[in-house]
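Based on the sequences and whatever the hints tell you, model everything.
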Amino acid sequence: METTENIIELRHITKVFEDDGFTAVKDFNLEVKRGEFVTFLGPSGCGKTTTLRMIAGFDVPTSGDILLNGKSIIGLPPYKRPINTVFQRYALFPHMNIYNNIAFGLRQKKTPEAEIARKVRKVLDLVDLEGFEARSVSTLSGGQQQRIAIARALVNEPEILLLDEPLGALDLKMRKEMQLELKAMHDKLGITFIYVTHDQEEALTMSDKIVVMNEGKTQQIGTPEDIYNEPATAFVADFIGESNIFGGVMTGKLLARFCGGEFQCVDDFPEGTHITAVVRPEDVELTAPRLGTIRGVVDSVIFKGMHYEITVLSGKNEMVIQSVNSARPGDLVGMRVDPENIHIIRAEDHTNTFYADINAAHRLEYNGHKLETSLTRIIKGSKRMEDGSILDGNGEIIDPSRMRVLVSIGPEDIEMTDEQDAGLIQGTISNLIYLGDHYMYVIHTDLEDFVVYDEDLWNMDDRVSLIMPVEKMSFALRKK
Amino acid sequence: MHFSRKSLGIPYAVFLLVFVVLPLLVLVFYAFTNGQGQFTISNFTGFFTDPNTLGTLFYSLLLAAVTTAVCLTLAYPTAYILGTSKLKSRSVIVMLFVLPMWINFSLRITALKEILTILEGNLAMYPFLNAVIGMTYDFLPFMILPLYTTISRLDGALTEAAMDLGADRTRTFLEVVLPLSLPGILSGVSMVFLPAMTNYVVLDMLYNSTYIMGSLIGSYFSAYDWHGGSMISLILLALICIFTLLTGGSEETARGGALL
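The listed protein sequences correspond, in order, to chains A and B.
Counted the way this note's numbering counts, the first sequence spans residues 1 to 480.
Counted the way this note's numbering counts, the second sequence spans residues 481 to 740.
Do not rely on the hints blindly, as some may be mistaken.
DSSO-like cross-link-like pairs, simulated, lysine-lysine; straight-line CA separation at most 30 Å [stated by the list, open to error]:
| hint | chain 1 | residue 1 | chain 2 | residue 2 |
| --- | --- | --- | --- | --- |
| 1 | B | K566 | A | K217 |
| 2 | B | K568 | A | K26 |
| 3 | A | K33 | A | K119 |
| 4 | A | K188 | A | K176 |
| 5 | A | K209 | A | K188 |
| 6 | A | K188 | A | K80 |
| 7 | A | K173 | A | K209 |
| 8 | A | K33 | A | K217 |
| 9 | A | K80 | A | K110 |
| 10 | A | K253 | A | K316 |
| 11 | A | K176 | A | K33 |
| 12 | A | K217 | B | K568 |
| 13 | B | K566 | A | K26 |
| 14 | B | K566 | A | K80 |
| 15 | A | K472 | A | K370 |
Don't read these hints as lab results, they were simulated from the structure.
These numbers were taken from a predicted model, which means no experiment stands behind them.
If you want it as structure tokens, here you go:
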């Protein structure tokens with residue numbers, strides 16, 4: 001038998017929902033050690049709950065494998081998995097009293113009634129609800145129901161406890177209390193917890209390990225400190241805490257240019273590398289104009305209690321600063337950042353690619369639109385024969401039914417418009433990140449997702465049409 | 481001129497008084513008087529000493545019980561499949577079950593009669609069976625709708641919670657789904673059982689010789705024995721009241737009925 005200290009492993013998990021073809025999770029990989037507190041963190045629709053449901057057994061992965069103690073559990077129904085779930089809306093059985101709710105799992109295992117009584121008392125003690133046995137579910141407050149839901153899962157002594165946004169329905173004060181209690185429970189019981197939340201503060205407070213997810217894909221796996229201090233992608237930096245995020249380029253050894261200035265940094269990338277720079281608002285120091293690395297004009301000042309939130313415009317860039325000292329709108333100020341407080345990420349390549357078909361007339365088509373170019377122009381060395389067929393650079397005939405063309409276009413070359421008929425394809429804005437002097441948008445279309453840079457602010461879920469100039473495209477012939 | 485909100489209820493109160501309360505009082509009056517208009521309880525004692533009337537009562541109960549059981553057996557799986565499916569078109573399918581009720585009642589029963597005649601040859605050969613088929617045909621939607629309403633409102637997380645806690649599909653059904661759909665079952669049962677006790681028009685139109693409470697009352701009135709007929713009606717009313725109290729009121733009934 002294979003020995004491993006990983007209690008559960010997810011290998012290349014992909015989930016495509018059959019009814020609408022939606023890919024909820026893409027190639028998800030994770031190893032969880034026994035006793036760890038792991039949190040799946042991400043915005044709604046990022047696939048975190050789907051992943052949890054696949055571990056519980058409610059959803060079956062389209063591909064990939066789930067190993068519990070080294071053995072695949074992919075074929076096991078939920079009732080045969082030594083895993084219990086605390087549901088988002090508690091899901092207590094309304095026709096049973098508290099005792100019977102908690103005893104439900106033990107009765108399925110044919111535990112003797114005397115032992116059930118002992119265990120129920122013990123677990124009610126654990127969640128601080130002694131003497132609630134005979135109460136009915138409807139007489140409990142939300143917080144109490146949540147504790148019963150936790151007790152009902154824990155009484156079965158599961159190997160893994162899954163928690164699906166368990167504190168989402170509670171008010172802020174109760175949520176903070178329960179966070180600490182859950183953490184204490186985890187430390188006391190030593191059970192592996194897998195926790196799902198969209199609340200980054202909750203994740204940072206409770207977890208040993210955080211899995212940040214977006215659009216079905218893992219963005220970063222790490223400790224709360226790693227995730228906060230060393231975000232791996234612009235998305236993580238944007239999602240965790242408040243950040244100033246800028247697109248930029250390396251201009252020398254440990255020297256990065258962004259936000260209209262040249263900053264010393266501690267991350268070593270080759271000169272010329274496109275980068276994303278992340279600066280936390282609390283790490284920006286306001287100085288006299290001539291002492292700053294960059295200068296700007298104070299745009300707005302908001303009092304936040306512990307500090308002032310100051311927005312400074314520097315050219316087209318916007319920097320948000322948290323400072324204990326106030327400033328006046330209109331002031332000219334300098335700004336500097338310690339090198340260790342600048343986090344540099346190699347920029348993700350946002351070049352969009354898609355396949356265009358070659359129609360019978362040897363024209364390129366995408367989404368039912370003709371691309372105004374000819375094959376002979378875009379394929380090196382190709383020529384049109386007298387009978388209309390086209391030879392590629394090697395002199396072989398291009399068969400439209402067996403070949404297609406891979407088209408690439410940069411995110412800065414695509415233009416968004418409200419006029420739906422004006423562009424090649426239409427979609428909705430599903431993601432938006434401010435990168436200092438422009439916004440990065442992800443446009444979700446029926447065919448593929450496009451990344452577009454635009455200086456103007458559009459709204460999430462706006463329906464836009466994408467204008468893609470043929471002269472900005474590059475092409476490559478591919479076999480189907 | 482000002483109307484209070486209460487005065488909006490006056491038309492219905494008048495209707496209630498003229499067509500429900502007064503007839504009921506007349507019914508009580510006739511039930512406890514004889515042909516000479518004198519007070520008597522002989523109509524009451526007569527009902528419980530006459531083997532014919534008692535036999536009819538038990539036969540009606542049996543017919544209603546069998547009809548209800550058949551309706552429940554047919555309706556529950558259907559309602560369960562519909563109520564738990566993720567189909568977007570499920571409300572359309574539910575509508576299909578209600579659709580026959582839009583067709584004229586006598587037309588439907590006449591059609592049923594023709595079908596049964598083709599299948600059985602002579603309708604007189606299976607009076608009880610035909611009575612059950614006729615009533616099931618007529619009352620099935622009243623069973624499906626409250627069941628569907630209750631089951632479709634069941635929180636899917638509850639069945640998942642049961643399975644998560646180790647209950648297989650059978651035990652999840654028996655320990656969670658079935659108990660939680662009990663309100664729907666009760667209202668469906670009362671919406672089928674009660675009319676099945678009294679509705680004799682269906683049987684009449686099927687040329688059915690089965691004699692139930694409704695037919696019994698009808699025969700008394702057509703023989704001008706208003707006193708005996710009134711007493712039987714009153715006893716039936718009392719039985720229905722008891723049954724309704726036993727099945728726990730009519731809140732669910734109203735909800736299911738509102739869908740029609």
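Hint-by-hint comparison with the structure:
no. : hint            : verdict
1   : B:K566 - A:K217 : holds, 27 Å
2   : B:K568 - A:K26  : holds, 27 Å
3   : A:K33 - A:K119  : holds, 27 Å
4   : A:K188 - A:K176 : holds, 19 Å
5   : A:K209 - A:K188 : holds, 18 Å
6   : A:K188 - A:K80  : holds, 26 Å
7   : A:K173 - A:K209 : holds, 24 Å
8   : A:K33 - A:K217  : holds, 21 Å
9   : A:K80 - A:K110  : holds, 14 Å
10  : A:K253 - A:K316 : holds, 26 Å
11  : A:K176 - A:K33  : holds, 26 Å
12  : A:K217 - B:K568 : holds, 29 Å
13  : B:K566 - A:K26  : holds, 24 Å
14  : B:K566 - A:K80  : holds, 25 Å
15  : A:K472 - A:K370 : holds, 16 Å
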